[in-house]
Amino acid sequence: MTKIAFFGAGSTIFVKNILGDVLCTPALQDAEIALYDINPQRLKESMAMLTTLNRNINQDRATIKGYCGVENRREALQGADFAVNAIRVWDFTISEAIDFAIPTKYGLRQTIADTIGIGGLFRALGSGEHMLHFAEDMADVCPNAWFLNYTNPMCALTGLLLRHTPIKTVGLCHSVQACVPSLLNTLGIAKDYDIKKFNARIGGINHQAWLLQLLYEGKDIYPQIKQIAFEKLDQWRKAPKKEKSANMVRLEIMRMFGYYVTESSEHSAEYMPYWIKRNYPELIEEYNIPLDASPNRCRSIVANWNRQYKEICENPVLTHNKSNEFGCGIMESIVTGTPFKIAGNVLNNGLIDNLPREAVVEVPCLVDNNGVQGTYFGRLPTQCAALNLTNINTQLLTIEAMAERSKDKIYQAALLDPHASAELSPDDIIRMVDEMLEAHKDRLPKYN
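One point on numbering: in our numbering, the residue at position 372 of the sequence shown is 372, and numbering is uninterrupted.
Just so you know, the hints here were simulated from the structure itself, not pulled from any lab data. Some hints could be false.
[Claimed, not checked] Pairs of lysine-lysine residues, derived as DSS-like cross-links and limited to a Cα-Cα distance of at most 30 Å, are as follows:
1) 409 x 277
2) 407 x 105
3) 226 x 244
4) 242 x 277
5) 409 x 168
6) 65 x 310
7) 322 x 16
8) 3 x 310
9) 105 x 441
10) 322 x 65
[Stated by the list, open to error] The calculated label-pair distances, taken between Cβ atoms and stated as ranges, are:
11) 337 x 383: 36 to 42 Å
12) 441 x 337: 44 to 50 Å
13) 26 x 430: 54 to 60 Å
14) 140 x 32: 15 to 21 Å
15) 246 x 321: 22 to 28 Å
It should be emphasised that the depicted structure is a prediction, and the values quoted were computed from it without experimental measurement. Even glycine gets a Cβ: it sits at the ideal position worked out from N, Cα and C.
Sequences and hints are given; from them, build the entire structure.
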């Protein structure tokens with residue numbers, strides 16, 4: 001019997017996506033599932049949802065148990081074959097009050113703040129310590145288990161585990177799966193194509209991987225897609241807000257650097273120094289950039305949860321259609337040995353020639369009963385690698401800061417951030433980091 005532990009099980013909808021897929025998969029339908037969270041109410045809600053789903057689509061074949069609180073974490077992990085991680089370390093209201101509000105006071109605006117940037121840096125610092133504790137427990141009670149990480153910032157946290165623990169780890173996201181559909185939908189041409197007939201070559205780093213080749217039925221259609229994109233972009237830049245696309249930054253990046261990037265415009269706008277600028281406030285409106293998008297969205301999710309709760313947790317006929325997440329496919333492939341291809345986040349070690357070996361890269365990976373193996377990707381176009389490096393620099397220093405408990409490395413990661421360094425003086429960046437460390441002092445380990 002396969003055992004799956006799920007960290008952050010209070011994320012009910014994500015539990016449904018990943019473990020609903022498991023309940024639909026014959027090789028995993030008899031699994032023992034350990035749901036772990038520190039919030040008893042949210043854990044109870046996910047337990048209710050998954051129990052109903054297990055009954056409705058799996059004839060109650062899976063065994064589902066809940067484990068609440070740090071004191072029960074090792075028991076949840078005992079004998080696990082897989083641990084899925086989807087934790088969020090602090091409530092969005094804390095993120096809004098500190099990770100958004102303090103940078104805003106210094107003149108630094110953000111959109112999502114979960115990858116790099118000042119918000120992403122502190123999200124990593126808050127999550128990393130917990131993930132090291134997870135890894136310590138796993139080394140004791142399930143040393144051969146695979147750790148499937150979905151928590152952002154992906155590269156920093158996955159790299160921390162891969163470089164500083166013995167745990168077998170892969171980082172997972174859905175931006176590669178969504179890349180080509182997002183481009184077609186943005187341009188309003190998705191109906192003209194069968195998505196199954198595309199062959200796309202994508203590689204780089206998480207949230208900034210590059211669509212380097214786009215074939216349809218064996219034919220290169222990238223040039224004509226770009227032509228449509230640039231014509232629409234020119235129209236949207238001049239259009240009133242209600243007529244603009246939400247994906248304009250990505251299209252402009254494609255025009256500037258030649259390739260479409262995997263993550264959304266609202267994310268990408270804060271990974272580069274070009275878009276969110278005090279001296280050019282008109283760019284926010286021109287490119288339809290949603291400042292403070294993450295706390296605003298979280299507030300909406302919380303407001304709508306009562307309705308969603310009834311639809312998901314109190315629905316006696318709840319069912320599930322398989323998602324496009326890779327987690328279940330990885331587990332099935334490792335259990336059965338059936339090969340499976342994914343986009344995974346792994347240590348580079350030469351997979352992409354012109355990125356650092358110690359960086360975490362997002363490349364095609366092959367999965368079988370030997371686990372997850374990254375495949376050789378080659379060189380990125382020089383401009384794509386250069387943009388990746390501006391993000392990798394901060395990620396590597398963030399990993400070193402967490403591993404060494406080094407305050408200097410935190411400063412250095414912030415000073416090298418592309419957005420912060422383009423907007424603030426070094427002194428202001430240091431002061432901002434100090435203020436955020438003080439505000440988060442009860443939630444972070446001590447940095448020296």
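Okay, the hints, checked on the actual structure:
Annotation: proposed proximity of residue 409 to residue 277 holds, straight-line Cα distance about 26 Å (limit 30 Å). The hinted pair formed by residue 407 and residue 105 meets the criterion: a straight-line CA distance of about 22 Å does not exceed 30 Å. As the CA atoms of residue 226 and residue 244 are separated by approximately 18 Å, the hinted pair is consistent with the 30 Å bound. For the suggested pair residue 242 and residue 277, the alpha carbons sit about 22 Å apart, so the restraint of at most 30 Å is met.
For a cut-off of 30 Å, the pair hint linking residue 409 to residue 168 stands: about 26 Å separates their Cα positions. For the given pair, residue 65 sits about 22 Å from residue 310 by alpha-carbon distance, which is consistent with the 30 Å threshold. Taking the CA atoms of residue 322 and residue 16, the gap is about 10 Å. The hint holds against a cut of 30 Å. Our distance criterion of 30 Å between C-alpha atoms is met by residue 3 and residue 310, whose separation comes to about 29 Å.
At roughly 19 Å between alpha-carbon atoms, residue 105 and residue 441 fall within 30 Å of each other, so this suggested pair holds. Only pairs whose Cα atoms come within 30 Å are accepted, and residue 322 paired with residue 65 is accepted, the gap being roughly 22 Å. In this structure the supplied range 36 to 42 Å holds for residue 337 paired with residue 383, their Cβ-Cβ distance being about 40 Å. Separation of residue 441 from residue 337 is about 48 Å and conforms to the stated range, judged on CB atoms against 44 to 50 Å.
One distance hint, 54 to 60 Å for the beta-carbon pair residue 26 and residue 430, holds here, with the actual separation near 56 Å. The hinted window of 15 to 21 Å between residue 140 and residue 32 holds, with their beta carbons roughly 19 Å apart. The hinted window of 22 to 28 Å between residue 246 and residue 321 holds, with their beta carbons roughly 25 Å apart.
In summary, the structure agrees with every hint in the numbered list given earlier.
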